[in-house]
Structures are given as structure tokens and as C-alpha cells.
Amino acid sequence: MFPKNAWYVACTPNEIDGKPLGRKICNEPIVFYRGPEGAVAALEDFCPHRGAPLSLGRVVDGKLVCGYHGLEMGCDGKTIAMPGQRVRGFPPIRSYPVAERYGYVWVWPGDAAQADVEAIPVPAWHGQTGWAMGGGLFNIRCDYRLLVDNLMDLTHETYVHATSIGQKEIDEAPVSTTTDGEVVITSRRMENIQAPPFWQDAMAANGLDPKALVDRWQVCRFVPPSNVLIDVGVALAGSGGPDADLAHRASGIVVDFITPETEHSCWYFWGMARHFQADDAALTDEIRANQQKIFEEDLEMLERQQLNLLAHPTRDLLKLNIDTGGVQARRIIERRMAAESKQEGQTA
Amino acid sequence: MFPKNAWYVACTPNEIDGKPLGRKICNEPIVFYRGPEGAVAALEDFCPHRGAPLSLGRVVDGKLVCGYHGLEMGCDGKTIAMPGQRVRGFPPIRSYPVAERYGYVWVWPGDAAQADVEAIPVPAWHGQTGWAMGGGLFNIRCDYRLLVDNLMDLTHETYVHATSIGQKEIDEAPVSTTTDGEVVITSRRMENIQAPPFWQDAMAANGLDPKALVDRWQVCRFVPPSNVLIDVGVALAGSGGPDADLAHRASGIVVDFITPETEHSCWYFWGMARHFQADDAALTDEIRANQQKIFEEDLEMLERQQLNLLAHPTRDLLKLNIDTGGVQARRIIERRMAAESKQEGQTA
Amino acid sequence: MFPKNAWYVACTPNEIDGKPLGRKICNEPIVFYRGPEGAVAALEDFCPHRGAPLSLGRVVDGKLVCGYHGLEMGCDGKTIAMPGQRVRGFPPIRSYPVAERYGYVWVWPGDAAQADVEAIPVPAWHGQTGWAMGGGLFNIRCDYRLLVDNLMDLTHETYVHATSIGQKEIDEAPVSTTTDGEVVITSRRMENIQAPPFWQDAMAANGLDPKALVDRWQVCRFVPPSNVLIDVGVALAGSGGPDADLAHRASGIVVDFITPETEHSCWYFWGMARHFQADDAALTDEIRANQQKIFEEDLEMLERQQLNLLAHPTRDLLKLNIDTGGVQARRIIERRMAAESKQEGQTA
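As they're listed, the protein sequences go chains A, B and C. Heads up, the first sequence is in numbering that gives the first Met the number 0, so the first residue is 0 and it goes up one at a time. Heads up, the second sequence is in numbering that gives the first Met the number 0, so the first residue is 0 and it goes up one at a time. Heads up, the third sequence is in numbering that gives the first Met the number 0, so the first residue is 0 and it goes up one at a time.
Hints in this document: simulated from the structure, not taken from any laboratory. Since the model is a prediction, treat every value here as computed from it, not as a measurement. Incorrect hints may appear among the rest.
Because identical chains cannot be distinguished in the list, a pair is counted as satisfied if it fits within a single copy or across any two copies.
[As the list claims (entries may be wrong)] Only pairs whose alpha carbons sit at most 30 Å apart, straight line, appear in this in silico DSSO-like list of lysine-lysine: (1) Lys18 with Lys167; (2) Lys18 with Lys292; (3) Lys167 with Lys62.
Isolated chain A (complex conformation) (with noise of 0.2 Å):
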């Protein structure tokens, strides 16, 4: 249960260095890999000839070979060579719309005629100075919009979280919800606050006193198909928030790429672009590890509610306000598959 014709992050470009990545996209079994000059492509997993996982073969001068009978794949789909034989009636397989942007490699599972790379949103971060970016992913079994609600209801820092982002003060301050477009915003704002350790280490690291009061934000932007970015930070308290001077504060972007893998389990980019100390590449380092070990926090949860709620599919949940982003977001992924169904009957 996922939109089909839209962008979504398939890996970063490191994985696919010297060697094709298999990867499961919204139920597909795709196979990367950089073909011609290094161009990324993306192509079905599955040899013509046996039916071989050609993820299981090396790159070539920009051919895929297939690991088992040397059969030369090109990245439009159809067989290039293979060894002894004359390839032209092989059937081709399916080539996906992919593009390697921002840092990450962006694949289109559904109707390759509607794949418009200019779709794919720019960060806010790139192409500026001053920021860095740390990430790293996870394989997540739970239904990926289970994750969008977890992130567009940040009330869950103080009870996931408690010891290094969460504070009371996030459900005492109360959440506003907005959309722009298709965009959804839930953002909260807590004044006059101690920072919590988390934020606490990131003021010492910008040369802050760590136990100064601080005013804090959260925005989070669910962007679709399934993506959530969220504008995060402290500044010293009065100085102005997210348009503090950037000495005054330390902030930047929460980064969720969330991906589809099967209807109950998900690909999920989490990273942090920071916007201090960018040049700092061991903060970058702790950051991530960090962030990494706070992630963590919310695995066993995602996963075992995703249990709870397969055992019980006909029970209705709470939708309070606190869960108006993660309810709206869901009605945009609705529609989203409600239009592409209509499509898809208007073509047969």
C-alpha cells in the first residue's frame, strides 16, 4: 500500500562503489549499479536466461554481468552479449527511472513515462555553505507510514528518547498542524527551557554554555511519497529562534528518507544536517553516532506496534491532535493511490 509513481531513496552512491546492490522497492526486486560513465542505473533483479539474481554479478565496463552464465546486461534492459550467443531475441527485462541527486541515489518503481527528475525536491541544505551532513540507514519491520506518524509526532522523544532528546517541556508546548500543498507542517516551540543532553552536547560543540536557557523548535515537514524533514534546533534564549544569529544557536535538519520495502517493513535514511561547525568532521562523526544510537530507541517500538496492529487490523486508534500530522499525511499517501488506481483503470 504505496504510491508507485513517485521518487523514492533506493541507497546512498557508496553502496553501489564497485559492485551492484539488490534491493527491495515497494515490493520490487531491483537490482543498482553504475552503468555507462558511472550513471546509475536500476534495473529488474532477474536474469532472462535462469532467472538469476543479477545483483549477484560484477560491473563491467558499465555492463552488468550476471554472476552465474556471464550474460551481459545493459541498463535499458536488453542483453547486450552473452557468450556464444546471438542475444537480439532475448526478452527484455524492466529498467527503472533513476537519478543520483543530493547525495542519494532516487529510484521510480511506478510509470516510467510520468518520471520527471526535476520532481525529486531539493534539500534545503544543498548547494549552501555551512552545513554538514552524517546519516545512515536502517531496515525497519514495520509499515513505513507507522515511521512518518513516529516523526511527525515528535510527544514520543520524551518517553522513546528520554535521555538524550526528550523533555517534558515537548508535551507540555502545544503542536500546531498546517499544509502547504501536499506539504504537511506539525511544529512546536518550548521557550525559556534547559537544553536536553542531545542539544546540551551541540551548543558546547558551536562554543555555547550547555546549561544556558534556551528557546527550542521543532517543524517537521512531511514531503511525499513518505519523506519527513524536520527543522530542528536551540537558540539562547530571547535571541531569536531559527533566525537567531547563527552563534546564538545550534541547529539544523532532521533527514527521513523513508522507503517501502514490502507493505510491512521499510528502508529508512535518517541523518542530520547541521548548519555549525560544518568543517568539523569528527562532530560530524559523534553526531551520527549518536543520532544512530537514538534512532535505535524506536525499533523495537515501530516493530512490535506493527505486530500488535496485524494481530488486531480491525481495531480503530486514537487520532488526537498530537497525531493531526501523521492523519494528514496519510490522507495525502491515500489520494496519492487513490489517483494512481484511477489511472491505472483509465489504461485498461
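Keeping the supplied structure of chain A fixed, place chains B and C upon it in accordance with the hints.
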């Protein structure tokens, strides 16, 4: 396939020390914890907010706080509070009758109106002096009735436990099976024999010559819904058997509280209440360790038997005289299940 | 989907040394052991008493004693005795035709009336001097026919086994496929080439210059139901190939006895019968270790191919000239299965 209107052992008190415990009983995922004033509580393991398992939360002042978004649940299944929310309209979750008695926490997974705490049978050693108890817990992937069969026919000791409690005289001694209301009793006496290794150790621990000839007895009592309590012991030959002076025997009760988890798995709370050297805590530990090793010998057999039966669902098994105890126990279980079905039919 | 009226390799004799062995063959759980006078026996792995797997028991004086309650089973599937019981009325369990021949235990999972031990084909090296044999066993989660395909098209060596037995000349040499009754033969000759590493080692072991140019041959023989025996070797270029003097070549037979376990898994008894330096036991060990490493390279490919085919059950695969051996072998398998179905229809 289990009676639900029954008290089952759910856990031992130490399992809910300071934190909730999630455990599936009779196919129902339940969270156990200590509510106000330390009284045990049992609820559906499902937060009414977003379906998270409440067992991942924590207990604060007798309230079960969901570990995802902080909903505070009462031990009656009604939400007490949630940060920033009015909770009066929240749907209640199911609460289960529960009691802490005789060193165990008991739960009633069926119709709460029929639950009577006084119906939990008082163990023979309860409130008596001169007894000591030790035990443990296994999760076994077999129908709980296969374990009842196992314990109601102790000829298996000769084969499965050949080096500890088994001896050929078990096979040779005739077994007698009787019923007393819903209690099924199989008993066997062996006279003037050498004790097997486990009982030789017990004799030595009680100051008896381990090589002396003994009379040995085994009296298995099936108590519905699915527990088996076994009077066991050896006494110096001719000294009176189970009625011998405590100085001339080593004896006790093998405790087998068996609780269905699913249709093909169960919880096995095993233990030994011994009636000698009750103050010797080191002996308690030693017996527990030995018993664990012995009972582990049953696991592969039971789980592989279960797989064989699932592969041959229509094949009839033999019901020999040695199987009469298990056969009678199953009849009582079936009678109880039939009564429940009938009752449900009348209610509907 | 396998013929059942056929002799399959079940195990090697050492696997039933002193204890029974439980193994599923063609979906049938079977226990193998040595009965009276050490003769191999094969029975349903199901005790008629309570359904325990007999393979968890032990063999006493040629009787298979159930490890649960001591039932003594005879190799004809009839209960011999049980402590304290009259066993005459016990239902028999199925016994299977079984034979120990040529270093393996063979079983006939189909209609016992049709089993003729003399139909087990005599391996070429049996009873010959100058041969030595070593091998091992894999359990592979793929349809046994994928493994037959693999072995009837050795062009995969160039890709899967590039560093040991593969070389580009395999791809370049034309393959010829013929049939001889129910035996399918694919063969290939490569002349005046450098031997690949595995064969260079063999040449050195046989006192030949490993860098000398050789003629190499591969003659794969599919023998129903699902075995493949491959004449392989290298001889000094121009010295006569497979007919060269033994001093001028290193050669042998790759042994592939393949037995279905379930529809999507199989037992692979692999080995090498070599026709040089037969007395060198250390060489046997070394070749076995190398062969194991080489054949392990196939496992991931076969299991992942199987998953791909299960995900695309209706997709046609290509049947190229290199696939002809496998295609013909499958035809013979299908013919045998059709004959069995027809026979069953007539019986019913």
C-alpha cells in the same frame, strides 16, 4: 484449544519486579505489572492510543505509562491521563482477573464474571513447615497437552532421563490410574530397589546411605486446567514409603504448572517442593540446577513430537494402559471446553 | 515434483554409525539405521505409540528403540516389543526399500514392489584399482532440478568458479548434447590451453608440469532420477585427452548425487573420484577441501535463483543451446513422473 475460564500461572513475582512483563497466555497478549500498592494487574498489551505494546512502558506510582507517547493506564483498563489530552472518551482496554498466590501470579483469561480467586488450589506445601521450593520456566513449542501426557506417564523417565531419575523398574512396576472428581491420579510403587542417581543425591543430602535399598513412589495428580503435581520420593526399604518417618526418606512434590501460550506452544513453570533439609539454600539451588538439566531433556522430544503430529493430523495414536492418565486428563479438558462453548452459545 | 519410484542416495554409511539418522527424502520423514547384522533399514520416522520421531531413539541389538517410552521397532515396521505391553495389535509403520552400495545408502521412497536393488547404477570407479574417492554433503534450499541444470551447463564455472575451475575457454568451446536412453550427455573439449588453478594443482600432484599446455574435457552424464556424473580431466596437449596414458593426465569423475528433500530443497552428495595418486590420503583430503570451497560458491546463487523463480512463477526462462542438457534431463524426469501418475491412476 484450551479452556479459558480457568486460573493459569502467568509468571513468577520476580518477573514483574519494577517493570511490566508482556506475555501471551491462551493466545492473548497480556501485560502484567504491579499496580497501586503493589497489587498485580493484567491488561491487554495494547495501548488504545496507537496500538503500542504497553509492556514496553514503565510503571510509575502504580500507573502503567505507555513507553511511546506517555498515556497513563489504570489497572481497570481505563486511561487515567495523557499529557495535554482529555482522556474521558478513550476506549477502555480489557483487564484480566489476576491474583498473586503461593509464589506465582495467576491469570484468568476467560469470562471475568466467573473468576473466583478462592478456586485457585492451595498447594500441599503451602503454609507447612519443613518444605523448600525452587524452580524455573521453559517456553516449549508444543501443545500443552503433550506436556500433560508426558507428566502423566512417567515410563518416559526410563528412556529420556536414563542417567538421573529413570530406571528400568519404572517400566516394570504396574501403574494404577484413578480419578477423584476432576483430578486424575496415576501412581506407581517400586519396592526394594536401588535409587537412581538423582534420588541417591537426595538421600545423601538428607543423611541417608545413598546405596541403601529403597521403596520409591510416584503419584501424579492432574489438576485442571492443565497442572500436574507429582508426589515423589524414596524411603529406606520397608520403612513405610511415603508415610515413613522424615528421617528415613527423601521426598517432595514435583511442580508442573503448564499454561498454554498458543495452540502449539506453552509455558512450563517447573519446580520441586522438597520435604527435607528445607533450610539448606545451597541444596535448593543444586536441585533446581539438576532438575533444569533433566527437564531440558524433554524439550527436543516434545517439540519434535509436535511437528510429527502436525504433519500427520489424522493419524490415531495408541492409548495404552500407561497413557490412561493423559487420556483421562484430556477428557476433563475437553469437557471443560465443551461446557464453555455451550455457555457461550446460551449467552449469544 | 519428483519421481518416487527411484533409488536416491539417502546418506553415507558413517552417518548411521551407532545411532539412527532422521532425514526427509522426497517429503517423507525417514529414519535410517543399522538393523540386525548391521544391514541398513529405513522406516517412517514416527513411533506408532505417541508419534515421537524414532530417530531420537537408539539402536539396541539391531532393534530401533523409541527414545520416549521404549517401544522396540523392527526393520519391517512392526513393533517387536514394549515394556509391559502386548504389541501384536500395534499398527505397523511404513518401511522403505533400502540398500548400501558403492559407499552410499540408497532409499526407494515409492512403491516398494517395484524396487530392484540391481537397478542402482554401478559407478565407473567401483571395483577398479587406481581410483580414490572423497566427498561431502550440502543441504540446499532449491528445487533439485536447479542443481541438475547447474551441473549440466558448466559454462557457469567461468563466472561462479572463476578462481578455481573456471576459464574463458569453457564459454568459447562448443557444447554437444546427446542422449543415450535415459542418460543425457553434454560434453565439451578445450585444446591447447592453460589449465585453471584446480587442475594445475592436480597436475602437480600427479608429477606433471602445472604450466604445461593441456587438452581439457568435461563430459556430464545425467542419470535418472537426478544424478550427474562428470568425466573431467586434463592431459598434456596432444597426448590423447581422456585416452592419454595415466602418466600424462590428471582425471576423474565429479560425483553429484542429488536427492530431493522437499519441493524447494535438496540434499547434495558431492564428491570426486580421481584416477591418479589413489593411495595419497592427504591428497584426497586436500581435494575434498578444495572441492567443498568451490561447490559452496554455488549455494547462494542456487538459493537466490530459487527465490526469484518462486516470486515469478509464470515467467518463461530461456532455453539456449547451453541449457539443452538440463532441458533434456527435465524431460526425462517429467516422463518418469507422468508414468508414475498413470500407474497410480490404473491402480486406483
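- request: Quick one: which hint numbers does this structure break? Sort them smallest to largest.
  value: none
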